[in-house]
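Trainee: Same order as they appear, the protein sequences are chains A and B. Residue 6 is where the first sequence starts when you use my numbering, and the numbers rise one by one after that. Residue 20 is where the second sequence starts when you use my numbering, and the numbers rise one by one after that.
Please keep in mind that the hints were generated in silico from the structure rather than gathered at the bench. All C-beta atoms in this analysis are idealised placements derived from N, C-alpha and C, irrespective of residue type, glycine included. Hints are not guaranteed to be accurate.
Stated by the list, open to error - Beta-carbon label-pair distances, calculated as ranges:
| hint | chain 1 | residue 1 | chain 2 | residue 2 | range |
| --- | --- | --- | --- | --- | --- |
| 1 | B | PRO332 | A | ASN7 | 50 to 58 Å |
| 2 | B | LYS234 | A | LYS208 | 31 to 39 Å |
| 3 | B | GLY146 | A | ALA24 | 30 to 38 Å |
| 4 | B | VAL241 | A | GLU22 | 20 to 28 Å |
| 5 | B | GLY146 | A | CYS62 | 46 to 54 Å |
| 6 | A | SER195 | B | LEU239 | 22 to 30 Å |
| 7 | A | GLU22 | B | GLY167 | 34 to 42 Å |
| 8 | A | ASP26 | B | ASP217 | 47 to 55 Å |
| 9 | A | THR225 | B | GLY146 | 18 to 26 Å |
| 10 | A | LEU54 | B | GLU67 | 38 to 46 Å |
| 11 | B | GLU85 | A | SER94 | 28 to 36 Å |
| 12 | A | ASP28 | B | GLU85 | 52 to 60 Å |
| 13 | B | VAL241 | A | ILE199 | 31 to 39 Å |
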Amino acid sequence: MNIVVCIKRVPDIGETEIAIDKDGRGIKTDKLVYDINEADNYALEEALLLKEKFGGCVTAVTIGDEASNEQLRICMAKGADTAIRLYDSKFAGLDGYVTAKILCSAIRGLKPDLVLTGCMASDDAYAQVGIQLGEMLGYPHATLVTHIDIENSLARVRSELENGLGMVLEIEMPAVLAVQTGINEPRYASFRGIRDAMKREIKVIGLSDLSLQEVDVGETGSKIRIEKLFIPAVDKTAQILSGSTDETASKLAIILKEKGLI
Amino acid sequence: MKTIFCLAEHRRNELRGITFEMLGKAQELAEKLEAEVFAVLLGHKVSEFADQLSNHADAVLMVDDERLAGFSQLVYQKILAQLIHSHNPVLTLIGHTAFGMDLAPSLAIAAGLPLTTDCIDLQISNGRLFAVRQMYGGKVNAQISFKGANQYLATVRQGVFQTRQKQSKGKIVNLPPPQEVDSKGKKFISYVEAEIGDVDISQANIVVAVGRGIKKKESLPVVQELADSLRGVLACSRPVVDSEWLPKDRQVGQSGKTVKPKLYLAVGISGAFQHVMGMRGSEMVIAINKDGNAPIFNIADYGIVDDLFKVVPALSAKIKEINK
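Isolated chain A, as found in the complex:
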């Protein structure tokens, strides 16, 4: 089975303070730590599990500058066979639509049986690229996928709905499946895997290698534009308890007592 996995390098935002840059349309990146987007990491694991079961080859694809080599090498260290980095300075300012378009242009020729993506990137949170990629490739697609069974070019998948409810879909392959977090237990890259991956080639593809024009990509080709970023206004702020750990814990316990909760 020929599987393509689309991944993205994103900043870790869990407990990190985010600040807006001078230009007002991006964030300050100097203090951020980067990783593979969480849902993409699950998609990669799912691809590796399918490869182990059915044989074949896993290709990791990303759009990004040289910094993204780090994430592609992690993919290879875990078991991806090849890595492709799509980059051109003219890609700058791309939206979800252009992201899907560039991926489509690069992936079409790979003739995959299955394309896996994460269902959403934690940075821009569009949750649209996988589905749009499927539509552009002319493949059936599904998102929020929490289980995949494959038999004779038919993928039986489970997709997550709201309130614990799920649904089962049958998708004919080739297909694009946008994977939800929690679908599997992603492996860690071994030291040896990382060392070996450092020596492997990452194929870099630019605009001139794709069947796209300059007007198709970057901000020009995008369908939406970020005008400005701002920190959300707060309509209600918590009363923050101050002091040492012992003091704050005491204050909180007293509040709980006063409210009749203990």
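For this one, chain A is given, so just place chain B on it according to the hints.
Mentor: Positioned in the frame of chain A, the structure of chain B alone reads:
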């Protein structure tokens, strides 16, 4: 006259709340744009829904067909693309739900429309439409403009907009189903019911919920001890279930459970909207998080900005002391 489309979302014989929220926002936009609001209702045996929707829209465009009985993104997409082509709505709204996330991005390609997903606001300024959406786990908002054509598609976050009734009922327009729809390649098979576990967190008076900040499974007992000292139940946000540290029926949030306890104590939870959807009905919210800018502090009554591994044991000890 200009029109705004809102796609009615329904599942298992029930119109979902997001439908009326979208219609509420659409009415507000329609006043500014001098447009009419059309609810688009696709389904089978749904005339009762049409009647409900007519209280919230100028018209209900209904396609009733047995091929629309179950969930079908492909059939929906085909019909919607045709309706958008024939009615030229300035804006089409779809819920940013599991259903909308499946349909809208695909429809945007099929109908050639610019799409902005997960909008928390839509504004008209100098005749132009702008959307506001969140990025970076809700820590940043973005104002978005749509480019090109004068027809747009947006998905709308649940629980953000107010519903409102209209003074007079809108008309219901029955449209003929399309003759042929190619739904090859993707077939709905069945629903999978929610798992039922040993504890029903939605019934608890006190919920202590743990999130990504817990870092490893071995640290769970520390938080369980706090829950025990409060005679509450232990719940969690998505990452904890993804890592299989707690079962799915303990998850609070959009894809998990909705809780409305007297006290919700969030430990190491940043407060992404998917989580907040499931706990904002709580009477009192207390948050413990290292990041003082975490969105959870915007909905909490009290907060402690500190390392949970220091605060939680200290708090458990204080509570036990008082309880003694």
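Trainee: For which of the previously enumerated hints does the structure constitute a violation, in increasing order of number?
Mentor: 11
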